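Participant: Given next are the chains, with one letter for each unit.
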Amino acid sequence: MNESSTASAQVAVQAILARDGVQDLPQDEVERLIAIYADLATDLAPLRAPAVATAEPAVIFPAE
Amino acid sequence: MTDELPSTIAEAAEALRARRISSVELTRALLERARATQDSIGAFQAFTEETALTAAQVADAELAKGPERGPLQGVPLGIKDILATSDAPTTASSKVLDPTWGQRADATSVRKLREAGAVILGKLVLHEYAIGWPDPDTGMRFARNPWDLARSPGGSSSGTGAALAAGAILGGLGTDTGGSIRGPASFCGISGLKATFGRVSKEGCVPLSYSLDHIGPMARTARDCALLLQVIAGFDPLDPTTVRREVPNYADALNGSVRGVRIGVPRAYFFDTPELNAETRAAVEKAIDDLGRAGAVVREVSLPHAAEARIAQRVIMLGEAYAYHQANLQMQPIAYGKNTRRQITQGALFSAADYVQAQRLRSIVKTEVLTAMADLDVLVTPTSLAVASAFEGYDPDSMRRLPSFTSIWNLTGQPALSVCGGFSSQGLPVGLQIVGKPFDEATVLRVGDAYQQLTDWHTRRPAAAREAQPA
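Chains as they are written, first to last, in the working numbering: chain D, 312 to 375; chain F, 160 to 630.
Hints listed in this document are in silico derivations from the structure and should not be mistaken for laboratory results.
From a predicted model like this one, the values you see are computed outputs, not experimental measurements.
Worth double-checking, as some hints may not be accurate.
Said to hold, decoys possible - Using 20 Å as the maximum straight-line C-alpha spacing, the simulated EDC-like pairs for lysine to aspartate or glutamate come out as follows:
# : chain 1 : residue 1 : chain 2 : residue 2
1 : F       : 497       : D       : 339
2 : F       : 525       : D       : 367
3 : F       : 596       : F       : 405
4 : F       : 497       : D       : 335
5 : F       : 224       : F       : 257
To be verified - Listed next, the stretches of chain F that the computed footprint assigns to chain D, with coverage defined by at least 3 CB atoms under 8 Å from CB atoms of chain D:
# : stretch
6 : 191-198
7 : 334-346
8 : 516-522
Just so it is clear, CB atoms sit at the ideal spot from N, CA and C, and this is done for glycine as well.
This is chain F alone, in the form it adopts within the complex (with noise of 0.2 Å):
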């Protein structure tokens, strides 16, 4: 049985119908697989299991009975450590957050996942608060790269990217304000979604930037990814900034094709930066090669503030979380990690006018996107700089001036995908991003979905996954 896990959502769900493998049993297969990469990857805060087989039994039942629930019946999913959960503790990874914060009800996202029969195997680990860089002196568990422990499997949503390269569990939720969930399925191989801002309830999530946190699914596929979304999305009275807007079906839009889709390829910023890795924009020129190999119908974009756009995106998440933080920062700040006190600590010294005058120009950019992409359908560019970085030698201060091609969309709230895109010579993940107009999560994932029928990058698994099997 376990030899043929299935190893996506789409996979489980057809394999639980078809009584191939039951909800339990998958269960029980997923968390021996993530317990046995636990000293070595270290994806979970904490497992949930007692719940979590319950739920699978649930789902037996239900799948065999009724009611049908849709994809996500009897599928084990993680949750980051940052969304509450009814069956275990909030941490956000930090000593810092009171523990009493965590003892509610479900977070909305949650408890919709749980709606539609998911199972949830546990807590995944984070970056503490959602921002910085591990410090190990907090005691507080990192995880690591699957694909080389010695690195990272990047940020804030660490444990999640990590459990879904092991093959820990098969779909999850992270956050993203600067790039949280895309970094990390850039670097883990695996695929994440930021869908619009308003899409997804974001109650229940300890809040790092108000107006930039998103909450949005990660997995294998783009098609996992839209099954997620499907469950999460849309209005929530507990959440002012969702939206009442009609959730289409995602899975309709995954045609499999790329025809006549308008790509744009914003050249400036996104692909001349210096700082780019030189395989790495070889990898995502080769996606858009075949892309446009594929029918889509590829053209450059310009978008002038695309540079600044960072500096606007930093001075809003860094003026927003220490305004959180503050309190707490007077009261207890040795308790945070350090290099979380140092980044959070920055917000300081941005003054009212420089967070007013980053919201203008947050208009601006929001306004050049928005023209620029008029007849496009979707933008195309790498999701990081390079390959997931080494811990050892790592300086953290270094994001503080290097290109960020993710957190401009969270400026913007406009959807955006990661899906793996290709391989450094090293044998490393490269995150491939395809950014959509606001509320088109259909194309973006229709794109994403595409190039997964065109590729197999999102097929292979590391060795650390591997070896990690059940016996």
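Extracted from the complex, chain D is given alone in its bound form (with noise of 0.2 Å):
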């Protein structure tokens, strides 16, 4: 993890947070929190897969 990433994520999760009104988190917490976004893109990598893409997901609601 890059300086310039750790920077993006740490603006990325205190707009998260912000956002959703959950603010007081201890700040140990919220580097971490910080620190498992950085590596985010890569970690869910597998979700982003080719195959994935064609895939119905599994959240079809039944009309009755």
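Grab the two chains, each in its own frame, and use the hints to assemble them into the complex.
Facilitator: Written as structure tokens, this is what we have:
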């Protein structure tokens, strides 16, 4: 993780927590979320694999 | 009398009908055992002694004169404290849950147990909100593993697993969103079944993840799990995820044989991951050999997206959990245990697109597994990577990157049973997981029961339980 990605992760996490009104987390936990967020694109890459892009999501809701 | 206490539901049902023991005697004896282990093992959040003894008296009267309510009649059980009960508060082992939440009638599964004549001894401790790892700073009780009090019984159905291993109950209910029935079953040397999604009503349960949560039986044996499932299974108009499907007679399926049963062994991921403990792998390999020698047909099978399933399960679970908890995280974040909060807040980081992609991958995994099992009856894997973890030095964050052998079956919704598959050199239980096709709990239970006819692992009891025998 480089300085740039950490900085952008910090901005993103602060924005998410502000948007959600979750403001009073201990600082070490916010820092942990920033570290997790910085790795998120890599960690979730399997969700963006080509095979996944053609699958129906398992959320189809029956109409009746 | 107490020297010969039944240790399983099936034994208790027989002993009660033979008048070798009354339900009141059995209830008093197990309550005494539970209280004797409460300081050391701490499985109970609350005792419901008064209603338990009343139920036991009713059971004794009905066992004498009718009506016959089946094998749970007069049998002492425990309920994970995330399910509503009319006679005790529900805490979800948290300071956060509104106390008024549990001021209601029994959850559907609990109501069915009472209607079958079961005696509910109390509410059992869990990991807060069925996620995370105990945080002593919250002041909430947490359970210890009867096999080694310095170790966790696993979670989140920690109290149910510990109480069973301690012999304080003969059966109970747990909930399972990523392995919370099967993990404690594995670590405590008992049996635990996550039934098919939709088989058991979730009504009256504090949710963790709406599309992954399951309620299921935990007991000493697969047979006892069958007896419990028989009662709690079935459509519930109060839970739209339950299905209108016939509930077979599970005990009838327990023929003690695996002859001809087709077992798939997914070696990739489930057996070759470097995090898998060597003793655990050896024990499960031995169990598979035993099943093969008993007449099962064993072959390898491939599940291409098994590793990726873990990612999808976490995105869905944490996203749904965060949605449920967001308001409380706004208002009272510090009231949560640290480890619970650290888990749930991760859900804030996923986008809506991440969630949908995870549900797409879920479809792929489900299709792949059903295709792989087209000519198989069950899959067999280890339940856990290793034996129970010590409390000291454990890093709850490590779960984020570790493989999971249980969470994939929450993603697919298939039934999965953990039974004791041996013991480590340290004397700790190892879990053997048996996975079936959707709604084929009968075959899963048949294999688990047959394995328990071949082995005696499930009959072993920890020293902490033996020392708690009533005088």
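Participant: Looking back at the hints listed earlier, which ones does the structure fail to meet?
Facilitator: Of the numbered hints, 5, 6, 7 do not hold.
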